[in-house]
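Novice: What follows is the residue order along each chain.
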Amino acid sequence: MTGYHFAFLDENSKREIRRALLKAVALPGYQVPFASREMPVARGWGTGGLQVTLSLVGKEDIIKVIDQGSDESVNAVSIKNLIQRTTGIAVTDKTSVATLIQSRHRIPEVELREDQILVLQVPIPEPLREIEPSEYVTRRLHADKEYSGVWLMLFEQIMKHGHMATGADHPVLVYGRYVMAPSPIPRFDNPKLNMNRALILLGAGREKRIYAVPPYTKVESLAFLDHPFTVEDQEGKSCRLCGATGVFLDEIIDEETQFVSYQCNDTSYCLQRLNKEL
Amino acid sequence: MGYVAVKGGLAAIEASIQRLRYERLKGRKVIEVETIKNTLRGLINRIMSEGSLYSRDLAALAIKQGEGNPEEATFLLRAYRSTLPRKYYSRVVLTKFMRFERRISAAFKDIPGGQILGATYDYTHRLLDFSLYEEKPADIEKWLEEFENNCPYQGESPLSSLPKVVDYLRKEGLMAKIKEDDTEPLDVTRKSLEFPADRSERLQTLTRGETGAVTALGYAAIRGYGILHPTVGELRVGCVPVFIDYPLDDSKSEEEALYIGEIQVTEVETLFPHIREKEYGAQDLEFFLGYGLCFGQNETKAIAMSVLDYCLEKGPAGTPVSDEEFVLMHIDSVEATGFVSHLKLPHYVTFQSKLDRVRKTRKGEKGE
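Residue numbers (UniProt numbering), protein chains in the order written: chain H, 1 to 278; chain W, 1 to 368.
Hints were generated in silico from the structure; no laboratory data involved. Note that CB positions come from ideal geometry on N, CA and C, so glycine has one too. Be aware that one or more of the hints could be misleading.
[Stated by the list, open to error] The calculated lysine-lysine pairs, modelled on DSS-like cross-linking and capped at a C-alpha distance of 25 Å, are:
1) K160/H to K278/W
2) K87/W to K237/H
3) K160/H to K109/W
[Claimed, not checked] Facing chain W, from chain H, some residues (calculated, C-beta under 7 Å):
4) S73
5) E130
6) I131
7) E255
8) K276
[Unchecked claim] From the structure, some residues in chain W lie toward chain H, with a derived Cβ separation under 7 Å:
9) P112
10) H125
11) R126
12) G224
13) L228
14) T231
15) Y280
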């Protein structure tokens with residue numbers, strides 16, 4: 001593509017983002033402000049992740065992009081095309097082959113390695129946003145490690161519903177210091193953040209924040225002793241295609257018979273199992 | 001010299017108007033209204049929606065006259081609109097009979113009938129296409145011919161009434177069944193808003209609202225000042241038929257109704273998890289609907305409208321976006337730009353008396 005720099009952003013912008021990333025790695029879970037650029041995709045569609053990816057990508061990298069568990073999802077395809085058009089690097093669907101993985105809403109089922117980086121797109125980086133609309137205030141609360149609001153929110157959910165009613169994006173405590181929004185990954189993926197071997201970077205383009213979970217970092221999902229954290233209940237369900245259990249499943253409804261079945265959400269994982277590659 | 005109408009005011013105004021005309025013409029280029037109509041689809045849709053007048057021709061004319069300024073074009077269209085007699089009300093427009101151009105769901109992967117992407121900027125990369133500098137009619141012809149030869153669907157869309165995504169949730173009991181309410185809506189162009197407003201008034205005000213303002217408030221609602229993250233159950237863009245009752249017959253029967261044409265609309269149904277109070281203080285979660293509908297393909301606005309519809313209906317008290325007066329009174333383009341720009345008018349008299357007060361207070365302070 002003519003008229004555009006390698007990986008779209010100019011080198012100074014990329015350096016600036018990498019400096020923010022270093023700070024984020026040094027302070028696990030802390031939201032580092034950065035001068036988020038306007039990107040050729042819409043704000044809120046993964047521009048934070050994209051800026052992180054583009055500032056890291058080198059000519060030798062192999063990129064994988066997933067959206068909601070799928071490599072073929074419209075936004076994943078669009079972002080992958082853009083990265084490829086502006087860098088010319090190789091793309092893959094296979095988690096184990098990728099060096100750099102950009103993802104929306106999922107951590108892949110295949111376990112990550114030390115030589116891989118997972119970039120998560122983040123819509124709302126502020127875990128306290130639901131209880132405090134003002135950014136000025138939430139930043140002070142983080143500084144004071146004042147998290148009673150978020151505990152209270154979970155407590156109120158238990159009082160109202162008998163259990164913590166968070167869907168995806170259940171807040172986590174990183175390295176015993178910062179409460180962090182794990183990007184809207186399902187609760188199912190929260191435990192994967194804990195002591196993960198790969199570097200996990202989280203980019204929020206619209207909100208202009210970058211944060212990180214470095215490899216082998218303790219990440220706990222917030223919970224009470226008598227109300228432990230639980231993942232989505234998929235007991236007794238398995239993938240209708242590859243038979244997998246213990247993975248995150250999508251609910252598929254047959255429009256004619258109204259019959260409900262389940263299928264691996266991570267499509268590349270499912271395909272690899274079907275091809276006997278895993 | 002002041003610009004109040006003392007002597008010379010008339011001549012000054014006339015010169016200003018000539019100057020304005022000069023600014024539009026000085027490049028010595030003329031854009032045909034027809035060209036605007038065929039190339040500025042996004043702006044046309046927006047102006048029709050805010051102008052609440054469905055006419056691509058008049059919207060194009062207003063855009064030409066307003067030099068592409070949406071605020072000015074909407075103003076022109078609305079002013080023209082008030083000269084039109086109101087002859088008939090249409091029968092209820094049924095969006096289930098939409099001729100689809102686009103239909104997506106962010107809630108379910110496999111919706112009956114499938115996801116239809118249609119024409120959208122969503123999956124394009126916003127990279128400037130420098131080749132457009134050199135676009136020639138011959139190139140267009142060639143491309144069009146190729147496209148039209150390869151296009152599987154010619155003319156009429158093959159799809160007719162598709163089931164609504166929300167019907168599935170209703171069937172499962174996850175959404176409250178709502179009785180269809182076909183009572184005659186109140187007309188905000190014929191009656192001033194009174195609070196609390198009727199839902200029909202809210203929806204009309206939202207759909208006429210300025211795109212940027214509706215989007216900004218909808219954004220505030222999902223970012224932190226209101227509810228968090230709704231899900232777009234279904235977004236549809238397409239044409240719906242409009243019927244009126246046969247004017248010389250009072251029977252109002254469906255068979256007698258006259259088809260008067262179709263309009264393109266964007267319809268959005270957004271899902272919000274909502275707490276339902278049960279007996280003895282127990283609570284239950286269910287989904288509640290936010291609804292957005294506007295003229296033309298106007299997706300961001302329709303989604304933001306659906307967010308605000310929910311906020312006004314069920315939103316948490318104490319946030320600006322669930323304050324009916326705050327939202328409904330401030331999103332109208334003609335009203336907002338009119339009053340803000342009135343600040344340019346001479347305020348000599350009012351300012352003079354304010355000046356007097358300020359001076360007097362100051363003098364009082366010194367005296368002490």
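Novice: It remains to establish, for every hint, whether it holds in the given structure.
Specialist: Each hint tested on the structure:
1. K160/H to K278/W: With a Cα-Cα distance of about 12 Å, the restraint between K160/H and K278/W holds, given a limit of 25 Å.
2. K87/W to K237/H: violated (60 Å)
3. K160/H to K109/W: Distance ~31 Å between K160/H and K109/W Cα, so the pair is violated.
4. S73: This interface hint is violated because 9 Å lies over the 7 Å limit.
5. E130: Result: holds, 6 Å to nearest chain W Cβ.
6. I131: violated (10 Å)
7. E255: holds (4 Å)
8. K276: violated (26 Å)
9. P112: Status holds, d = 4 Å.
10. H125: holds (4 Å)
11. R126: holds (4 Å)
12. G224: Constraint on G224/W satisfied, holds at 4 Å.
13. L228: The hint holds - L228/W has a Cβ within 7 Å of chain H, the shortest such distance being about 6 Å.
14. T231: violated (10 Å)
15. Y280: violated (14 Å)
Hint violations for this structure: numbers 2, 3, 4, 6, 8, 14 and 15, all remaining hints satisfied.
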